[in-house]
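With these hints in hand, go ahead and build the complete structure from the sequences.
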Amino acid sequence: MFYEGGELGDGVTPFDNDSVILRRAEPDDTDQIVNLVEIGKDDVYNRVYSYPRILNLIESAYMAISVLDREGKIIAFAAFEDFPSVSAPESNVSRA
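For the sequence shown, this note's numbering begins at 33 and goes up steadily by one.
Quick caveat, the hints were computed from the structure, so don't treat them as lab data.
All C-beta atoms in this analysis are idealised placements derived from N, C-alpha and C, irrespective of residue type, glycine included.
Some clues are possibly wrong.
Stated by the list, open to error - What follows is a list of derived Cβ distance ranges for each label pair:
| no. | residue 1 | residue 2 | range |
| --- | --- | --- | --- |
| 1 | N88 | S51 | 26 to 32 Å |
| 2 | I107 | S82 | 17 to 23 Å |
| 3 | D114 | R55 | 17 to 23 Å |
| 4 | N49 | S92 | 27 to 33 Å |
| 5 | S51 | F115 | 29 to 35 Å |
| 6 | Q64 | F112 | 28 to 34 Å |
Set out below in structure tokens:
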């Protein structure tokens, strides 16, 4: 199989740009986003990605994106900040 960008492996098809919609996430997306990661009642993901935290991400992130399929169902979500979420390690060097 061959396409514009080169050769594809067996069972791999080119990405159809018309099959998804990318847009800024909206507060109304929260329920569907929570359902993407909900596994069980006591699952750690449910504590991290609970309703109020997802809503906060959508409202406060530098950019929050929802990916929708043709039927308008959210199939993916991403939130980005404009700074790293990791803090620098403390140095063991004493300063005089």
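Here's how the hints hold up against the structure:
Between N88 and S51, the C-beta spacing of about 30 Å keeps the proposed range 26 to 32 Å intact. Taken as a hint, the range 17 to 23 Å holds for the pair I107 and S82, whose Cβ atoms sit roughly 20 Å apart. Under the hint 17 to 23 Å, the C-beta atoms of D114 and R55, about 20 Å apart, fit the expected range. Distance hint check: the CB atoms of N49 and S92 are about 30 Å apart, consistent with the given range 27 to 33 Å.
Against the hinted window of 29 to 35 Å, the Cβ-Cβ separation of S51 and F115 comes to about 33 Å, which satisfies the hint. The given range of 28 to 34 Å is broken by Q64 and F112, whose C-beta atoms sit roughly 19 Å from each other.
Comparing the model with each numbered hint stated earlier shows that hint 6 is the single one that does not hold.
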